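Based on the provided sequences and hints, a complete structural model is requested.
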Amino acid sequence: MMTPMAKVKALIVGAGVALGGSASADGMDYETVTDLLHLVMSSDRTVYTRMIVNRLAVEEGVIKASEHFEDDKALVLPAQMFRFGSEMVAEETDEFSYSLLSLWPINKQNAPTTPMEKEGLEYIAANPGENFYGEEELGGETYFTAVYPDIAVAEACWACHNDHKDTPRTDFKAGDVMGGVVIRIPM
Amino acid sequence: MKTGTLWILWIALTLGLAAAASARLYVGGDRTVFQPGETSGVHHQFEVSCETCHTSEPFEDQASIRKDLNKTCVTCHKEELKAADDSHPIKKFKNPRMAAYWDRIDARYCTSCHSEHEPEITEAGLLTLPGDYCVACHSEGEQDVRVNRPSHLGLTFDTCASSGCHNYHDNKALYEDFLVKHAGEPWLADDPTHPPSVIARARPRADASEIETYLAAIVAPEDAQGTEADTHWAASAHAAADVGCGGCHAPDAETPAEIEAAWEPAPGEQVCASCHRGQAKTFALGRHGMRRHPELANPRDPERMLKRLGWSEPPEMVVSALEDYLADPAPAPLMSTSEARVDLHAEAMGRDLTCATCHAPHEQDLSFASTGACLTCHSDDHSLAYEDSAHHDLVLAEMAGDLPPGSGVTCATCHMSTSERRGVVMTNHNQNDTLRPNEKMIRPVCMSCHSLEFSIDALADADLVQRNFQGTPDRHIESIDWAVKRVDQPDQGSNQ
Numbered sequence: 001m002m003t004p005m006a007k008v009k010a011l012i013v014g015a016g017v018a019l020g021g022s023a024s025a026d027g028m029d030y031e032t033v034t035d036l037l038h039l040v041m042s043s044d045r046t047v048y049t050r051m052i053v054n055r056l057a058v059e060e061g062v063i064k065a066s067e068h069f070e071d072d073k074a075l076v077l078p079a080q081m082f083r084f085g086s087e088m089v090a091e092e093t094d095e096f097s098y099s100l101l102s103l104w105p106i107n108k109q110n111a112p113t114t115p116m117e118k119e120g121l122e123y124i125a126a127n128p129g130e131n132f133y134g135e136e137e138l139g140g141e142t143y144f145t146a147v148y149p150d151i152a153v154a155e156a157c158w159a160c161h162n163d164h165k166d167t168p169r170t171d172f173k174a175g176d177v178m179g180g181v182v183i184r185i186p187m
Numbered sequence: 001m002k003t004g005t006l007w008i009l010w011i012a013l014t015l016g017l018a019a020a021a022s023a024r025l026y027v028g029g030d031r032t033v034f035q036p037g038e039t040s041g042v043h044h045q046f047e048v049s050c051e052t053c054h055t056s057e058p059f060e061d062q063a064s065i066r067k068d069l070n071k072t073c074v075t076c077h078k079e080e081l082k083a084a085d086d087s088h089p090i091k092k093f094k095n096p097r098m099a100a101y102w103d104r105i106d107a108r109y110c111t112s113c114h115s116e117h118e119p120e121i122t123e124a125g126l127l128t129l130p131g132d133y134c135v136a137c138h139s140e141g142e143q144d145v146r147v148n149r150p151s152h153l154g155l156t157f158d159t160c161a162s163s164g165c166h167n168y169h170d171n172k173a174l175y176e177d178f179l180v181k182h183a184g185e186p187w188l189a190d191d192p193t194h195p196p197s198v199i200a201r202a203r204p205r206a207d208a209s210e211i212e213t214y215l216a217a218i219v220a221p222e223d224a225q226g227t228e229a230d231t232h233w234a235a236s237a238h239a240a241a242d243v244g245c246g247g248c249h250a251p252d253a254e255t256p257a258e259i260e261a262a263w264e265p266a267p268g269e270q271v272c273a274s275c276h277r278g279q280a281k282t283f284a285l286g287r288h289g290m291r292r293h294p295e296l297a298n299p300r301d302p303e304r305m306l307k308r309l310g311w312s313e314p315p316e317m318v319v320s321a322l323e324d325y326l327a328d329p330a331p332a333p334l335m336s337t338s339e340a341r342v343d344l345h346a347e348a349m350g351r352d353l354t355c356a357t358c359h360a361p362h363e364q365d366l367s368f369a370s371t372g373a374c375l376t377c378h379s380d381d382h383s384l385a386y387e388d389s390a391h392h393d394l395v396l397a398e399m400a401g402d403l404p405p406g407s408g409v410t411c412a413t414c415h416m417s418t419s420e421r422r423g424v425v426m427t428n429h430n431q432n433d434t435l436r437p438n439e440k441m442i443r444p445v446c447m448s449c450h451s452l453e454f455s456i457d458a459l460a461d462a463d464l465v466q467r468n469f470q471g472t473p474d475r476h477i478e479s480i481d482w483a484v485k486r487v488d489q490p491d492q493g494s495n496q
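Protein chains in written order, with the UniProt record's numbering: chain A, 1 to 187; chain B, 1 to 496.
One should not assume that every hint holds.
Unchecked claim - In silico DSS-like pairs for lysine-lysine, Cα to Cα no more than 27 Å straight-line:
no., chain 1, residue 1, chain 2, residue 2
1, A, K118, B, K94
2, B, K485, A, K64
3, A, K108, B, K485
4, A, K64, B, K94
5, A, K73, B, K181
6, A, K108, A, K173
7, A, K108, B, K92
8, A, K73, B, K91
9, A, K64, B, K92
10, B, K82, A, K73
11, A, K108, B, K2
12, B, K181, A, K165
13, A, K64, B, K82
14, B, K92, B, K67
15, B, K92, A, K118
16, A, K118, B, K91
17, A, K73, B, K67
Just so you know, these hints were derived from the structure itself, not from any lab.
Please read these numbers as outputs of a predicted model, since none were measured by experiment.
If you want it as structure tokens, here you go:
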């Protein structure tokens, strides 16, 4: 039986080989690992946003998406979907961690908390199409920190973020960098 | 005596004393002497069963001990926190991006706020931090509440959790959008009934002819028949559900002869639990049934302990001698009212709590189980005031037929919340489930009849709670007003 972590590692290595990344018997460099992790995250996130939320809530209007999805009997918001996954990972392992942050968060919890998060989010907003990589020390441990742009892929993204009562920014449009995915691996 | 001899004597005595103390700790006797301080709340019911919380191996490092200890908190409180949609879940703080907060209050560990065995600093809810603990994280940066909520500018941090506005864990009835959604509702609904109680109390009663039929079909030993129990049973839901005498007094028997042979005059609570599983399970989660909690450490096992101490094959004789020495099964099998730490009537002392304490086994008198039984023991102000309360008047009116079923509010209506699933009503027998903080009661109980606003105000008035809600709240909590204002005039308060 494989442990969940072993499965994740096998998946990453498998995906790495398929993509021709720098995977080898000696292991992968941090950047390749976070790139691959992010590829899985952003693909799943886009699928959920476009094929579930945008289709059912915006285009067909058959169900709402709501932050209070239980009380409102609604779909989980894409940002919550992402966060619940990351919290589930946090319960299983501390070999990596990730979060979805923004310089313009609706939920203040998702504003940058470390100087590197702020630097990374500013960098990806100013340099569309580029990622940010760095090293930072948190709680006495050194981390490899990667920040990837999170792009507005469907109307559901900007419609909700522009209209929400707590949003600090109201002019998002298709293709904008709305925030970033931060992935950390302890070195 | 020579100095050398004195040294030897001192070492021998010290070792002897240490051996006696550890023998007591590891293998025998009453261990209350090892308690660093009284435990709080329900924990006192199993405090001598140390291994329930202290699971680490001897001589482990402090970090591992903290981890192990905190794991045991979650073992028992996990479901409750999940149901509360915990506002500060541990998993949120595990991410290294929260490292700056770990130095303020390390929310990755329950024990950062809830430290046991410290009665002198323990507040309600086993809080062992000063009441203004929110200040640690919500007074600066992105989390500064005074920046995010201008309405909170003049407020002090000792009022966040004491005002009826916020809880650290459970804000299911207090979150902003919920406040807005229920703003402006009348204090009392047009049709004030508690929906699951409507179903439970509208159950049709057996008529005279049905009772005759049930009585005629009784199968029981001759000497057990002809008492009042027969007629009580024939009018009960057990008779209607085809649960005959043998169902409880001889559960494995089928034929009349087998029933007579296997007859048990006073069946134990495990017979009740064999059908009423949900009730038995929840009973073990509250204070009345805590000694049956499935996560409590088992009584100490001398053989296992001797093996742990390095004696791989202890002789049978030593093990049985030790078992005899262990006079205190830890914890004691049942909780007696004499051990309770709440106000009880003097005549209620020394009683064990089983199903039959509140439920007369044949009668199934739910009005006794839902009020009378409680008041037999409990003598605090809130309980003593109940029979003079408006809630009790409603019970009387419902019994007189002046109000529809589900109108009366008994002790159980509020303290043993009922839920309905596909027409079946299940009563939560953990009567502590919604008790602390009391805002937990708002959604499953209060809001069946009252507005959110009235419920928040009433529960925030401790004197009113003590008077069992005779009168009106002496305060108004402005949370709903502020939430509505923020939505109506977003430029005056929201983050835009």
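Now the hints, each set against the structure:
At roughly 20 Å between alpha-carbon atoms, K118/A and K94/B fall within 27 Å of each other, so this suggested pair holds. With a CA separation close to 25 Å, the supplied pair K485/B and K64/A stays within the 27 Å bound. For a cut-off of 27 Å, the pair hint linking K108/A to K485/B stands: about 20 Å separates their Cα positions. Restraint check: the Cα-Cα separation between K64/A and K94/B comes to about 31 Å, which exceeds 27 Å; the hinted pair is violated.
Taking the CA atoms of K73/A and K181/B, the gap is about 15 Å. The hint holds against a cut of 27 Å. Between the alpha carbons of K108/A and K173/A the distance comes to roughly 21 Å, so the proposed pair stays at or under 27 Å and holds. Between K108/A and K92/B, the direct Cα distance comes to roughly 14 Å. Compliance with the 27 Å bound is thereby established for this hinted pair. Straight-line distance between C-alpha atoms of K73/A and K91/B comes to about 25 Å, which keeps the hinted pair within the 27 Å bound.
Taking the CA atoms of K64/A and K92/B, the gap is about 26 Å. The hint holds against a cut of 27 Å. Distance check on the hinted pair: K82/B and K73/A sit about 18 Å apart at the alpha-carbon level, within 27 Å; holds. For the hint pairing K108/A with K2/B, the CA-to-CA distance comes to about 74 Å; that exceeds 27 Å, so the pair is violated. Between the alpha carbons of K181/B and K165/A the distance comes to roughly 15 Å, so the proposed pair stays at or under 27 Å and holds.
For the given pair, K64/A sits about 24 Å from K82/B by alpha-carbon distance, which is consistent with the 27 Å threshold. A threshold of 27 Å between alpha carbons decides the hint, and for K92/B with K67/B the separation of about 17 Å falls inside it, so the pair holds. A hinted pair counts as satisfied when its Cα atoms are at most 27 Å apart, and K92/B with K118/A qualifies at roughly 19 Å. For the proposed pair K118/A and K91/B, the alpha carbon gap of about 22 Å is at most 27 Å, so the pair holds.
Our distance criterion of 27 Å between C-alpha atoms is broken by K73/A and K67/B, whose separation comes to about 37 Å.
Hint check: violations occur at hints 4, 11, 17; the rest are consistent with the structure.
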